[in-house]
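Assemble the whole structure, with the sequences as input and the hints as a guide.
Order-wise, the sequence lines are chains U and D.
If you read the first sequence in the UniProt record's numbering, its first letter stands for residue 1, the second for the next number, and so on.
If you read the second sequence in the UniProt record's numbering, its first letter stands for residue 1, the second for the next number, and so on.
Check the hints yourself; a few may be wrong.
As the list claims (entries may be wrong) - Between beta-carbon pairs, the in silico distance windows are: (1) U:ASP237 / D:MET134: 36 to 44 Å; (2) D:GLY48 / U:PRO205: 20 to 28 Å; (3) D:GLY48 / U:ALA27: 41 to 49 Å; (4) U:LEU248 / D:ASP46: 37 to 45 Å; (5) U:ALA27 / D:ASP93: 31 to 39 Å; (6) D:TRP11 / U:GLU352: 31 to 39 Å; (7) D:GLY68 / U:LYS75: 41 to 49 Å; (8) D:MET134 / U:ALA241: 35 to 43 Å; (9) D:ARG196 / U:ARG8: 51 to 59 Å.
It should be emphasised that the hints constitute simulated quantities derived from the structure, not laboratory data.
Just so you know, even glycine gets a beta-carbon here, dropped at the ideal spot from N, CA and C.
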Amino acid sequence: MTADRDRRSIGIVTPQLARFDKPFTLACGKVLASYELVYETYGELNADRTNAVLVCHALSGHHHAAGYHSEDDRKPGWWDECIGPGKPIDTDRFFVVSLNNLGGCHGSTGPTSINPDTGKPWGPNFPPLRARDWVHSQARLADRLGIDCWAAVIGGSLGGMQAMRWALEYPERLKHCVVIAAAMKLSAQNLAFNELARQAIISDPAFEGGNYIYQQTTPAQGLALARMVGHITYLSDEAMANKFGRDLRSGSFEMGDEDNIEFQVQSYLRYQGSQFSGSFDANTYILMTRALDYFDLAREYDHDPVKAFRHARCSFFVASFSTDWRFSPARSREIVNALIAAERPVTYTEIEADEGHDAFLMPIPRYIEAFTAYMKRVGGDG
Amino acid sequence: MRQDLSHIQRWIEPGSRVLDLGCANGEFLQILRDQRQVRGTGIEIDQGNINQAISRGLNIIEQDMDQGLGNFPDQSFDTVVLAHALQAVHYPDRVLEEMLRIGRQCIVTFPNFGHWKCRLYLGARGRMPVSKFMPYTWYNTPNIHFCTVRDFEALCRERGIRILARDVVGNTERKPLLANVWPNMFATTAIYHITR
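Right under this line is the structure:
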């Protein structure tokens, strides 16, 4: 391990498993007799148990948010830019909990787990989930870890939606809510892209209505295509222009050489697609995108976000990125305006960044500075 | 602290809610919070200032007041402050109307363009005044709507805005005698406490 890795990284981390045997009633009314959540923790819980921070993951995320799983692990966790010693979520100060959500495919109970009633994987029969199911299962994990109140619940994108749901479902159990590049509900355009991704999977003949899981096959083609669609929405026009432009990976426009023309962006998307299809479960992807589609923060509050946020007791930090067209700054401003009208303490910043929606994962100096500055006040208020 | 800011503190009730439009790095809101237990919110557009204000533990909203303030509900703050920014907004009259809608009372400070030095500069040289206090030239200044004490009071009369109090900053740190007697000629900064 290099010196730089040593200094800035939390280092080697080991996932843990928590099993819950008390029946868990989901928002859809179905009951899970038991379930498991895989999670990681970084940093030390203080004696008063007041420095715990929950990190909620986005659509395709998982529990491995920071550090490395082994000495020769090439890539760190997905939010290593923001979690570690001296980073915005400073592991010298905070006890960070990061889990794989219920319904996931990285070790928590989900479509690839065994359904105790049948002895076979759940597959397409895993009950539908809502963001609130994740929040309630996370609250049980907090109970297990002895955390009465989070210093902060933090998330980007779909993770930010969970953080907001926390503020409404358990107002007494968090002091700060950090919502990055999120929205209170999806737009029609967002829904359309998710449907396109699902149709890509469903129309792959290998999907077999989700029963691929019993036949040792995977709808790799469909899953790759779904990821490619998703990935385009995570990047901005600017980011793609900067990263790939019209550069060719192979071939040329010389006469007779056109046959093997491939643009860099084509090759990149294919690579992303194939990487993803090898590591993610198709039924889980469908389940997760549906939970994202159904999320509507204010639905049960007469569709009034101001009324919804009046239930919150925490302070909010909201951030957006100028070129994010998936959850644009306008979506974040809706959150902020509802919080202002509900008279909740809120800080909002709109970061100039070319990177689109994915910017929330990246070390953009002004973003890191604002995030770090906000996190300094977290934990100081008991 | 800038003189106009130390002057307006006494008009702000301890424990009240204050909205500071163009709060810069949040120094003033921090003083109000620490010394008067004020619950403050600031809006600002400069990214460096915003990060400094976040570091001070303040609630800061990144927002351009030229794009409107419609997201702040009617009478949702006790006091709305606009310090040294009136001359930099696109539509000062609209911003004033919005301030009076949002706040029970408002405080406005601005550089007085009627000050004798400005008049002398313009009268003698025939060119737009440039000073240590206002160091920009006409083509690169953020200050696009200069006005005088008399201009501002005329606008208040026209719009039915009540002036609760007026204060001035003169050329010197001492009590600005001349500026009190003849503010339009001798005040460098005019300070108004207004309501509707």
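To see whether the hints hold, each was checked on the structure:
Taking the beta carbon of each, U:ASP237 and D:MET134 are about 41 Å apart, inside 36 to 44 Å as hinted. Evaluation of the 20 to 28 Å hint for D:GLY48 and U:PRO205 yields a failure: the beta carbon distance comes to about 56 Å. Remark: the range hint 41 to 49 Å for D:GLY48 to U:ALA27 is upheld by a beta-carbon distance near 44 Å. Between U:LEU248 and D:ASP46, the C-beta spacing of about 42 Å keeps the proposed range 37 to 45 Å intact.
The hinted range of 31 to 39 Å is not satisfied by U:ALA27 and D:ASP93, whose Cβ atoms lie roughly 51 Å apart. Range check, D:TRP11 to U:GLU352: about 36 Å between beta-carbon atoms, so the 31 to 39 Å window is met. Against the hinted window of 41 to 49 Å, the Cβ-Cβ separation of D:GLY68 and U:LYS75 comes to about 44 Å, which satisfies the hint. Remark: the range hint 35 to 43 Å for D:MET134 to U:ALA241 is upheld by a beta-carbon distance near 41 Å.
A hinted range of 51 to 59 Å holds for the C-beta pair D:ARG196 and U:ARG8, which are about 55 Å apart.
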